[in-house]
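Number of protein chains: 2
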Amino acid sequence: MNKPLKIAIAGLGTVGAGVIKVLSDNKDIITARSGRAIEVCAVSARDRHRDRGVSLAPFTWYDNPVDMALDDEVDVVVELIGGSDGIAKALCEKALENGKHVVTANKALIAHHGTELAKTAEAKGVSIMYEAAVAGGIPIIKALREGLAGNGVERVYGILNGTCNYMLTNMRETGRDFDVILSEAQDLGYAEADPTFDVDGIDAAHKLAILTSVAFGCEVDFDGVQTEGIRHVSPVDIEFAEELGYRIKLLGIASRQNGSVEQRVHPCMVSKKAPISQVEGVFNAVVVEGNFVDQVVLQGRGAGEGPTASAVVGDLVDVARGVKVPTFSVAADKLEKLKSAPLTGHNGSYYVRLMVVDEPGVFADVAGVLKANNVSMETIVQRNRAPGEPVPLVLTLHETSEQSMLNALNGIAALDSVVETPRMIRIEDF
Amino acid sequence: MNKPLKIAIAGLGTVGAGVIKVLSDNKDIITARSGRAIEVCAVSARDRHRDRGVSLAPFTWYDNPVDMALDDEVDVVVELIGGSDGIAKALCEKALENGKHVVTANKALIAHHGTELAKTAEAKGVSIMYEAAVAGGIPIIKALREGLAGNGVERVYGILNGTCNYMLTNMRETGRDFDVILSEAQDLGYAEADPTFDVDGIDAAHKLAILTSVAFGCEVDFDGVQTEGIRHVSPVDIEFAEELGYRIKLLGIASRQNGSVEQRVHPCMVSKKAPISQVEGVFNAVVVEGNFVDQVVLQGRGAGEGPTASAVVGDLVDVARGVKVPTFSVAADKLEKLKSAPLTGHNGSYYVRLMVVDEPGVFADVAGVLKANNVSMETIVQRNRAPGEPVPLVLTLHETSEQSMLNALNGIAALDSVVETPRMIRIEDF
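Residue numbers (the numbering used here), protein chains in the order written: chain Z, 1101 to 1530; chain S, 1101 to 1530.
Incorrect hints may have been included.
Pairs involving identical chains hold if they fit within one copy or between any two copies, as the list cannot separate such chains.
List of simulated lysine-lysine pairs, PhoX-like, C-alpha gap at most 20 Å [to be verified]: (1) 1127 with 1434; (2) 1224 with 1127; (3) 1103 with 1434; (4) 1219 with 1437; (5) 1372 with 1189; (6) 1424 with 1103; (7) 1372 with 1106.
It should be emphasised that the hints constitute simulated quantities derived from the structure, not laboratory data. Model, not experiment: these values are computed from the prediction.
The shape of chain Z in the complex, shown without the other chains:
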């Protein structure tokens, strides 16, 4: 038997404790698969004495996690602190520079500094692994980077944030408002006290930026992700979506175009028949479209102690087996620097909901603005007629450029009979 792989864990929240549990509960099979034992030798966390359901007694304790990067016994640093900068970044950089492998679940760190970290790792002949950073337990990074490596990837998209998917599913099932569902999700622990990263799409954008890099062999470009969250999605839109044959999902979508890449995170209307619209609740799913494999869909739990720890340990087994592949599928110094395609140049179909005063002529006004902007209507639905009162008027628009759509929306918003800001949701034709 080869000598054990020694790991140091920085951050002992649920995932950190989960990693210790996986390595202990599944010790025999992990050793058999790795050809050697994987042993925790050092840990660091904010509070040494909190009860985590696992004993820390056997491990060297570090008050400052960055010092673990200097521990000669340590082969791999597992970074579970979080945050794109600060101590997490310092630890990872130092560990790599000292020739230690890094395994992390930190999507913000990789989304912001992935390219640089990869360059450092590859120059030092070690790995930085981040399967747990994207879609929790789903081995999508490995699938894209290795299993599907024969394909030119045309598009990759997915439900990348379980909190949002849980909330949208719940809103659809119960008809309740965003705010009510959010506070319930917070009580249940499905949403953070500060839900910004989740509901404003930032978390999904972090993950999408990483997927984009692996899929297209380009530098990680978080700033190129155009992001819109789910705060403005209302039960009435969800109802209309049902009626029109759609589900509303917060998706991250990356597609390669001539010399540029379009990265966007926003609520989408997706046909109820598309596999991705069947993915409900806290589940995540990622769809890869390759030029030979066609469509491959992976789904599973996108968060939580067990799934995330499973992904971390999968990476550790790779390291233990001596597997070494380019961090983002292509060597870091060969990653392309792709231009970011602006969403204004995007072509798509659109759902628009207006609140209009129910009076003669409204319809003609709206149609006039659309016509002036060269946007053509596919369907129109008006409900709950109430002369003189505001009622919803829903349009779906044929494929058009986003810029035309935005111009038309501005024109429509300026109409006297339109009493609220128009709501627009992009329709994706999967």
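Since the structure of chain Z is provided, determine the placement of chain S on it from the hints.
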């Protein structure tokens, strides 16, 4: 740039030609990902002059593929001949013995001789890779062997044969008989002239035996797979399934039990709400249940030129990158030899359809036999009442042992009022 990886392809059917196309169309991205070029240097097939849409001129031609195993230029032999024995086996053995890697799409070969081939490969320090042998383009072998390697796998199951899934979907959608759909599938090229391997479940059994080995770290045991095909599934059963909230799918299911493994391939009734029942037509899907990751589902195209070639090239990229992991996740000489659990000891729920003469007392007779065998009924549906004529009587039975169920079926078949062999389909509670 490192020196190119040179490959020899044996067998130039659709998949072989597909591999040549992938390597040529995606040359740049494959080279970037692999860190070196992957070049075909030799080929062999039955007919040198058939038009395959790709030129063979640049490659060394071999009349006898086995001779490629001796070609010093060749790093990897890609075996796409098929068949569990004969020339495919001879070629793979000889290639491995000569220190060449083998990549194959041959499920029969791996199902029958996987353990021995893995031992040879690992002793020689080379790889035998077979991602294309299971579920076409879906990177399920890599997911199980690597991405999910931190988990103790409790169960793995899936739709492993696209022909059967296409036929069952088509039967459901059109209400037509098995024979009609089969001959249509043959005309469309979705089923072979001799459909035995597909419709009798043998192809799915090959794939399941391979999945079992990777999932549980045991020797490949094709003979341990208990197999039943779809020939006896009739439109009336599909209709009743719909009514009861199920879909009928041919599944391969492997689960680990104390010291043994249960492997079975047979038609199943699956809740319409389970993700796997949404997988229709020629698509395949595999579900892995791990003790930390919970459930992960992978789906995609299970056959065809592009998807299968994608899987072959994924393996080639691994070889080109120098990735080396144990063939079946655990080193071949450490694979467990697990006992095969007989299906008679299986506990499950059952759907049973009888054709009974519509006359008083039938019901009491059937109920009496069930009671005598300790099998308890969950639902009973009788339709199309026609006094004195044969009508279908459908039962679903609460969880019971398969042996009790079989005993009850024998008793029921012997009743005077039961006019056809009872049809039984296992209900899976996913």
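To see whether the hints hold, each was checked on the structure:
1. With identical chains, the CA atoms of residue 1127 and residue 1434 are at most 20 Å apart between copies only, with a shortest distance of 15 Å across copies and 38 Å within one.
2. Taking the closest pair of Cα atoms, residue 1224 and residue 1127 never come within 20 Å of each other, the shortest separation being 29 Å inside a single copy and 28 Å across copies.
3. For the homomeric pair residue 1103 and residue 1434, the shortest alpha-carbon distance between copies (18 Å) is at most 20 Å, but the shortest distance inside one copy (34 Å) is not.
4. For the homomeric pair residue 1219 and residue 1437, the shortest alpha-carbon distance inside one copy (14 Å) is at most 20 Å, but the shortest distance between copies (44 Å) is not.
5. In this homomeric assembly, residue 1372 and residue 1189 never come within 20 Å of each other (Cα to Cα): the closest approach is 41 Å inside a single copy and 46 Å across copies.
6. When the C-alpha separation of residue 1424 and residue 1103 is checked against a cutoff of 20 Å, the pair qualifies both within a copy, at 18 Å, and between copies, at 18 Å.
7. Neither within a single protomer nor between protomers do residue 1372 and residue 1106 lie at most 20 Å apart by alpha-carbon distance, with minima of 47 Å and 46 Å respectively.
Taken one by one, the earlier hints fail for this structure at numbers 2, 5, 7, listed in ascending order.
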